[in-house]
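Visitor: As you go down the protein sequences, you meet chains V and A in turn.
If you read the first sequence in our numbering, its first letter stands for residue 1090, the second for the next number, and so on.
If you read the second sequence in our numbering, its first letter stands for residue 38, the second for the next number, and so on.
Accuracy of the hints is not assured; some may be wrong.
[To be verified] Pairs of lysine to any residue residues, derived as SDA-like cross-links and limited to a Cα-Cα distance of at most 25 Å, are as follows:
no. : chain 1 : residue 1 : chain 2 : residue 2
1   : V       : Lys1109   : A       : Pro188
2   : A       : Lys219    : A       : Leu166
3   : A       : Lys163    : V       : Ile1100
4   : V       : Lys1092   : A       : Lys163
5   : V       : Lys1182   : A       : Lys96
6   : V       : Lys1182   : A       : Arg205
7   : V       : Lys1109   : A       : Arg205
8   : V       : Lys1176   : A       : Asp119
9   : V       : Lys1109   : A       : Arg162
10  : V       : Lys1176   : A       : Gly173
11  : V       : Lys1098   : A       : Arg108
12  : A       : Lys168    : V       : Ile1102
13  : V       : Lys1176   : A       : Lys175
14  : A       : Lys143    : V       : Lys1176
15  : V       : Lys1182   : A       : Pro188
If you are wondering where the hints come from, they were derived from the structure by calculation, not from laboratory data.
Here are the chains, one letter per residue:
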Amino acid sequence: MVKIIYNLKVIYILWLRQVKRHFRSKSRIFASVAQPLLFLVALGFGFQSMYSAAGNGDYIQFLAPGIIGMSIIFSAMFSGIEVISDKQFGFLKETLVAPVSRLTIMFGRTLGGATVAISQGILVFIVSLFLGFQPVSWALLPVTLLFMILMSLLFTSVGTAFASFFSDMHAFPVIINFIVMPMFFLSGALFPVDNLAKVLGVIVRINPLSYGIDGLRGSLISNFHFGIWTDFSVLIVVTLAFLSLGGYLFKKIQV
Amino acid sequence: MIDVQHLTKKFADFVAVNDLSLHIQKGEMFAFLGPNGAGKSTTIKIFTTLLTPTSGEVKINGFDIIAEQNRVRNSFGIVFQDQSLDDELTAYENMDFHGVIYNLSKNIRRERIETFLKLVDLWDRKDSLVKEFSGGMKRRLEMARGLLHEPTVLFLDEPTLGLDPQTRNHIWSYIKKLNQEKGLTVFFTTHYMEEAEKYAQRLAIIDHGVIKALGSPTELKTQTHTETLEEAFLNLTGYDIRDENASSSEIMRQQRKMRRH
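Let the sequences and hints guide you as you build the complete structure.
Guide: As structure tokens, this is what we get:
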């Protein structure tokens, strides 16, 4: 019991550190909202008339959940860079020589990174309201939040797993972009996934982000493609898998 | 306090530390000297549980570094060669973070953070972000942090590297004070021979992972028939310039490269 409380305190202080670092850097917050905003405005208004002409309704309505998902996956994956910078600037050693297990450290970090990602998602949600996005049911917002939490946890652990592996701070963003970009474009964030070409349809189905986006879109504008329980189960399983992988790789870090 | 028996560490086929045995008394100030790449940092990493030895036994404060890892971790404090503070937190927050991960209660944290920040003359800067600190201030803060959980052994890996003489004197006076007042065991590495001569009761000179000489500064000078510790050092380790490898993984990478050629 004492040990559990101790570990929870350690997780809390690691979490607090990351949240503090994030909210102290106004430029970081601004920069990470700027890109989703650009996508919302450019694509949202750009494809608006074409989309509604095809009889699908309002494109902003469709796009906003996708862009919220995008801000989450980017923020979550890039939080891994903190592992690398801690490796490079030595702070990681401070935590690794302390009498706590590495799993606890990795968990605290992941929660911190995930919290930052969720806050970005919420921020983009608020911004999208100003651009004319309207959730169908406000009562379903807790479900949306739940999907945000799952996605944030999932992609923060993916980011941590990668960061444990690499020690090159300049290569990391390139590698992450190399993974995030195709995941984002092939997730149904930008276009409806029904009636896709066969290959594309398969790719969308094996992309875990698709289920996160679907969960967000389903709970925000009542438009589930895979269904809430499918989204939910897939995300839970994949998240647990990557949390374990992240934990395993983090344990193996040598400084 | 530090008991090392037949410690060996290999990276692939490179032997970083070779059959090293050492015994350091409680309250001793011990200097660990050697050219770049001699195995000093690897040894400290093993002592501080960051690396596991290939063979041999190490006990810190009576605890085995493998079987009793967490007790060992509670027993020592460390100031790393390169700084390990969080730049974007304040001095106080860095201290508090350390206190929490070493399981100190809130009251003890508050009390000790004040004591140790005052010891290193940083109490009036406690709410400043570390990124605003000079190199010397950062080093002092790291010292205070390393002492927060009241360790019995303090490891200092080149604690005064790149600091001006004023700060160096300050840092050594804190260390000396703690050593005398609390019986703190201090194990340090340095490239400044005069520091080793002035502050260490005993020292070891290590090269290619092997201890070349061990004893008090005077003993070492007599043994090598030299006038200064620097001469003794050069006498024992030779005059060649060494290339230091950045890290253990770096060593492995280079070796892999060598084998490929």
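Visitor: If a hint holds in the structure, say so; if it does not, say that too.
Guide: Status of each hint after checking the structure:
Between lysine 1109 of chain V and proline 188 of chain A, the direct Cα distance comes to roughly 29 Å. Violation of the 25 Å bound is thereby established for this hinted pair. At most 25 Å may separate the alpha-carbon atoms for a hinted pair to count; lysine 219 of chain A and leucine 166 of chain A exceed this at roughly 30 Å. Taking the CA atoms of lysine 163 of chain A and isoleucine 1100 of chain V, the gap is near 24 Å; set against the 25 Å cutoff, the hint holds. Restraint check for lysine 1092 of chain V and lysine 163 of chain A: the C-alpha separation of about 30 Å exceeds 25 Å, so the hint is violated.
Restraint check: the Cα-Cα separation between lysine 1182 of chain V and lysine 96 of chain A comes to about 20 Å, which is no more than 25 Å; the hinted pair holds. For the suggested pair lysine 1182 of chain V and arginine 205 of chain A, the alpha carbons sit about 24 Å apart, so the restraint of at most 25 Å is met. Distance hint between lysine 1109 of chain V and arginine 205 of chain A is unfulfilled; the C-alpha atoms sit about 33 Å from each other, more than 25 Å. The straight-line distance between the Cα atoms of lysine 1176 of chain V and aspartate 119 of chain A is roughly 11 Å, inside the 25 Å bound, and the hint therefore holds.
Under the criterion of a C-alpha separation no larger than 25 Å, the hint pairing lysine 1109 of chain V with arginine 162 of chain A is consistent with the structure, at around 19 Å. With a C-alpha separation of about 22 Å, the suggested pair lysine 1176 of chain V and glycine 173 of chain A falls inside the 25 Å cut-off, and the hint holds. With a CA separation close to 19 Å, the supplied pair lysine 1098 of chain V and arginine 108 of chain A stays within the 25 Å bound. Using a Cα cut-off of 25 Å, the hinted pair lysine 168 of chain A and isoleucine 1102 of chain V holds, with the two alpha carbons roughly 20 Å apart.
Among the hinted pairs, lysine 1176 of chain V with lysine 175 of chain A is consistent with the structure: their alpha-carbon atoms are about 18 Å apart, no more than 25 Å. A C-alpha spacing of about 28 Å is found between lysine 143 of chain A and lysine 1176 of chain V, which places the hinted pair above 25 Å, so the restraint is violated. Straight-line distance between C-alpha atoms of lysine 1182 of chain V and proline 188 of chain A comes to about 17 Å, which keeps the hinted pair within the 25 Å bound.
Hint check: violations occur at hints 1, 2, 4, 7 and 14; the rest are consistent with the structure.
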